[in-house]
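There are 4 protein chains.
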Amino acid sequence: MPRQTLSQHPALQRMLAGFKGFRALYYEQRPERIKDLMEGSQRPEVLLIACSDSRVDPAIVTNAEPGELFIVRNVANLVPPYQPDDGYHGTSAAIEYAVTALKVAHVVVLGHSNCGGIQALAAHLDGHQVDGQFVGPWIRQLEGCRCASETTGDSTADATRLEQCAILNSLDNLMTFPFIAERVKDGTLTLNGWWFDMTEARLWGATPEHRTFQVLTD
Amino acid sequence: MPRQTLSQHPALQRMLAGFKGFRALYYEQRPERIKDLMEGSQRPEVLLIACSDSRVDPAIVTNAEPGELFIVRNVANLVPPYQPDDGYHGTSAAIEYAVTALKVAHVVVLGHSNCGGIQALAAHLDGHQVDGQFVGPWIRQLEGCRCASETTGDSTADATRLEQCAILNSLDNLMTFPFIAERVKDGTLTLNGWWFDMTEARLWGATPEHRTFQVLTD
Amino acid sequence: MPRQTLSQHPALQRMLAGFKGFRALYYEQRPERIKDLMEGSQRPEVLLIACSDSRVDPAIVTNAEPGELFIVRNVANLVPPYQPDDGYHGTSAAIEYAVTALKVAHVVVLGHSNCGGIQALAAHLDGHQVDGQFVGPWIRQLEGCRCASETTGDSTADATRLEQCAILNSLDNLMTFPFIAERVKDGTLTLNGWWFDMTEARLWGATPEHRTFQVLTD
Amino acid sequence: MPRQTLSQHPALQRMLAGFKGFRALYYEQRPERIKDLMEGSQRPEVLLIACSDSRVDPAIVTNAEPGELFIVRNVANLVPPYQPDDGYHGTSAAIEYAVTALKVAHVVVLGHSNCGGIQALAAHLDGHQVDGQFVGPWIRQLEGCRCASETTGDSTADATRLEQCAILNSLDNLMTFPFIAERVKDGTLTLNGWWFDMTEARLWGATPEHRTFQVLTD
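Taken in order, these protein sequences are the chains called A, V, C and F. Number 114 in our numbering belongs to position 114 of the first sequence; there are no gaps in the numbering. Number 204 in our numbering belongs to position 204 of the second sequence; there are no gaps in the numbering. Number 19 in our numbering belongs to position 19 of the third sequence; there are no gaps in the numbering. Number 105 in our numbering belongs to position 105 of the fourth sequence; there are no gaps in the numbering.
Rather than coming from a laboratory, the hints here were simulated on the basis of the structure. There could be a bad hint or two in this list.
The list treats identical chains as one, so a pair stands whether inside a single copy or across any two.
Stated by the list, open to error - Straight-line alpha carbon distances no greater than 25 Å define the calculated DMTMM-like cross-link-like pairs of lysine to aspartate or glutamate that follow:
1. LYS185 - GLU209
2. LYS35 - ASP85
3. LYS35 - GLU65
4. LYS35 - ASP172
5. LYS185 - ASP197
6. LYS35 - GLU200
7. LYS35 - ASP154
8. LYS35 - GLU45
9. LYS103 - GLU182
10. LYS185 - GLU45
11. LYS35 - ASP158
12. LYS185 - ASP86
13. LYS35 - ASP218
Produce the entire structure from the sequences given, and follow the hints as far as they go.
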């Protein structure tokens with residue numbers, strides 16, 4: 001089959017052109033920056049759990065280089081609670097691998113404003129049905145979280161509170177994983193919740209102990 | 001609490017410095033490129049399912065811009081089969097949201113060489129136990145896939161075959177989702193498997209119909 | 001002759017690899033950003049006169065895109081006085097072209113700390129001979145400028161003062177060109193002096209009227 | 001005077017925002033890449049002589065990093081012949097400094113298609129007057145160069161020939177500088193002429209010995 005028919009669509013061609021640029025600039029122009037990394041093993045210091053939202057790409061938003069961030073992305077950057085059965089737990093598997101095999105030193109849960117998943121949750125809390133056989137159960141993980149019952153009627157403020165509360169809920173769920181609680185206790189792992197205000201271009205942060213979000217960047 | 005104690009670690013400071021650069025270059029210098037996007041809705045054309053591996057960041061590897069790629073990342077870029085129960089299916093939820101709500105036109109499953117998850121699978125197929133309460137079941141999803149029983153003894157070739165086979169398996173699993181099969185059938189959605197050879201800096205591609213990987217970029 | 005022997009040296013190969021990346025990212029991936037520009041005419045708004053110093057590249061330092069800055073670079077970012085004879089006046093020719101043909105709206109003279117040209121001038125003012133048949137006369141253009149006779153004995157402070165004074169001298173020389181004085185007077189052209197403190201990573205600015213440099217970026 | 005009135009114009013604000021991004025990404029995020037360079041001395045390997053044209057920025061076109069290229073830019077990337085009088089020879093001073101003080105190993109003269117300076121020369125050769133008190137004499141440096149008298153009537157081909165001929169002329173003029181001829185002879189300096197075809201996105205190269213331009217990048 002002719003190669004061009006494999007990926008002839010403009011959006012895919014654009015990705016392939018981007019790959020050619022990446023190859024030229026990283027492999028050809030400055031191989032010293034990535035050669036050992038690409039031929040050896042990864043040693044990221046950070047596990048980042050982010051939303052799948054196309055506007056909040058962690059590598060773009062933090063100007064990361066290859067090798068720096070081990071990244072899980074799902075709808076609304078959720079961490080489910082520890083549930084060691086035989087099910088397929090994609091997020092938990094990635095967390096386990098990052099913490100126990102790669103021994104990252106930091107976990108960052110990165111949420112954001114204007115999150116579609118959280119908007120679906122808000123609608124659900126208002127009595128509307130969430131569309132989706134999978135999105136529904138996934139997002140309803142949050143219905144028990146503390147702030148879910150507090151609404152002010154100001155939809156933007158409510159959304160922000162829910163988004164930040166969901167981040168804290170993920171941090172709390174991380175602490176239910178024994179291998180995480182243990183490392184946090186002995187000081188070899190930190191847990192961080194960050195919220196990206198996409199309109200104001202600011203990052204806010206909290207931790208399991210300091211649960212009020214504060215601006216991290218002036 | 002003083003802000004600096006929230007994220008004082010060098011790896012986190014580096015991410016915050018990167019964010020400041022992102023903000024200056026996107027929000028201040030060239031707001032025209034992202035303003036509507038950040039204040040409005042996302043309209044990505046592509047759902048990309050990639051590995052959590054820090055070396056294979058899709059935005060870096062394809063030089064993506066904010067808004068272009070809706071991204072799911074998990075260990076070994078796996079798509080589980082359609083399983084519409086009430087469990088927490090993070091990958092399936094993201095796929096459902098991208099396809100039915102955002103109406104992406106393309107799905108790309110992006111695998112890569114030297115994949116730790118696939119190495120764990122290879123070890124398992126060789127009779128070794130896979131470490132991890134979550135990684136084990138997650139990666140054993142693949143034990144029934146066609147090529148799992150074919151080994152040549154050449155470990156690099158075996159790894160490549162498993163990595164590519166896992167991508168095809170994910171494409172096949174995508175087709176078990178009714179909302180995907182239907183859109184593929186009516187021509188509004190394409191499924192693409194890409195394999196990134198990290199050593200040679202090449203992208204290879206296949207589709208559900210053309211299952212032999214071919215070089216996509218010279 | 002075989003192509004590779006033309007540019008086989010590593011430093012040149014690195015430039016060619018960078019060009020391949022540029023081509024992939026600009027011409028192939030996002031042609032909409034430059035196509036009209038590359039096939040049509042330039043319409044820069046800014047004439048920038050900068051030093052040849054490899055550390056102070058204006059496009060890198062301001063994250064410019066193709067088409068934004070019309071750039072002259074010489075040792076110590078000097079503008080000679082208006083001298084309309086038949087000599088070869090490279091800097092004056094570029095200024096004339098930018099202002100009268102391209103009709104830029106702003107001129108920026110960008111100097112910097114730790115400037116080798118200014119260090120040569122300081123040595124000359126101290127009674128040492130400046131090396132160089134061409135560098136000598138070029139840099140001695142400045143010996144009449146106001147601050148040349150004021151030294152404090154603090155070599156860093158002296159260097160900063162000379163660097164900033166040289167920028168003001170270039171702004172004053174720009175005003176000796178009739179086609180510039182006229183446009184400044186009628187408000188269609190602004191003259192700006194910027195000084196890049198390379199150690200502190202700050203930009204300072206002055207104008208012909210406001211001759212004390214002030215920090216431009218927090 | 002309030003700082004904002006110094007540089008309140010959008011084009012200048014855009015440059016300052018770019019500078020803030022540069023500072024965040026280079027000085028704060030990855031200081032290890034530039035710290036020694038910015039606090040110490042430059043050691044570029046390449047002297048690049050390029051056109052002032054805003055579309056042909058050498059750092060953008062070759063993806064250069066700070067410290068790599070010592071750059072002279074003037075109209076049409078001309079090198080005047082060796083003329084050791086007391087005049088202000090900006091291009092010669094920069095060449096002298098790069099070769100004798102910085103001891104670069106390579107000189108690249110980078111010309112390009114669709115060059116306004118060369119179009120002015122073509123008009124002059126056709127009997128039209130070149131506008132400009134400075135542009136005129138500057139560009140008429142080329143009137144004696146070999147190809148100036150050969151026209152085919154095909155204006156694109158003529159322009160390309162003139163552009164490439166002007167590059168060769170600059171290489172020949174470089175050889176009239178004793179300190180260059182000597183280093184070329186003893187093999188410590190190479191002279192290279194590159195021509196950037198902006199429409200086709202290709203680089204072509206020649207040298208003083210191999211005067212027919214060949215494609216450098218596939």
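Okay, the hints, checked on the actual structure:
Within a single copy, LYS185 and GLU209 get their C-alpha atoms as close as 12 Å, which meets the 25 Å cut-off; across copies the closest is 51 Å, which misses it. Neither within a single protomer nor between protomers do LYS35 and ASP85 lie at most 25 Å apart by alpha-carbon distance, with minima of 39 Å and 44 Å respectively. Both within a single protomer and between protomers do LYS35 and GLU65 lie at most 25 Å apart by alpha-carbon distance, with minima of 13 Å and 19 Å respectively. In this assembly of identical chains, LYS35 and ASP172 lie within 25 Å of each other by CA distance neither inside one copy nor across copies; the values are 38 Å within and 34 Å between.
In this homomeric assembly, LYS185 and ASP197 never come within 25 Å of each other (Cα to Cα): the closest approach is 30 Å inside a single copy and 39 Å across copies. Proximity of LYS35 and GLU200 under a CA criterion of 25 Å is satisfied inter-copy only: 11 Å between copies versus 38 Å inside one chain copy. In this assembly of identical chains, the alpha carbons of LYS35 and ASP154 lie at most 25 Å apart only when taken from different copies (24 Å versus 51 Å within one copy). Taking CA atoms no more than 25 Å apart as the test, LYS35 paired with GLU45 passes in both settings, with 19 Å inside one copy and 23 Å between copies.
For the homomeric pair LYS103 and GLU182, the shortest alpha-carbon distance inside one copy (13 Å) is at most 25 Å, but the shortest distance between copies (42 Å) is not. Only within a single protomer do LYS185 and GLU45 lie at most 25 Å apart by alpha-carbon distance; the minimum there is 18 Å, versus 43 Å between protomers. In the homo-oligomer, the alpha carbons of LYS35 and ASP158 lie at most 25 Å apart only across protomers (23 Å), although the nearest pairing inside one protomer, at 47 Å, exceeds that limit. Taking identical chains as interchangeable, the C-alpha atoms of LYS185 and ASP86 are never at most 25 Å apart, the minima being 27 Å within one chain and 33 Å between chains.
In the homo-oligomer, the alpha carbons of LYS35 and ASP218 lie at most 25 Å apart only across protomers (20 Å), although the nearest pairing inside one protomer, at 35 Å, exceeds that limit.
The structure fails hints 2, 4, 5 and 12 (numbered hints given earlier, in ascending order).
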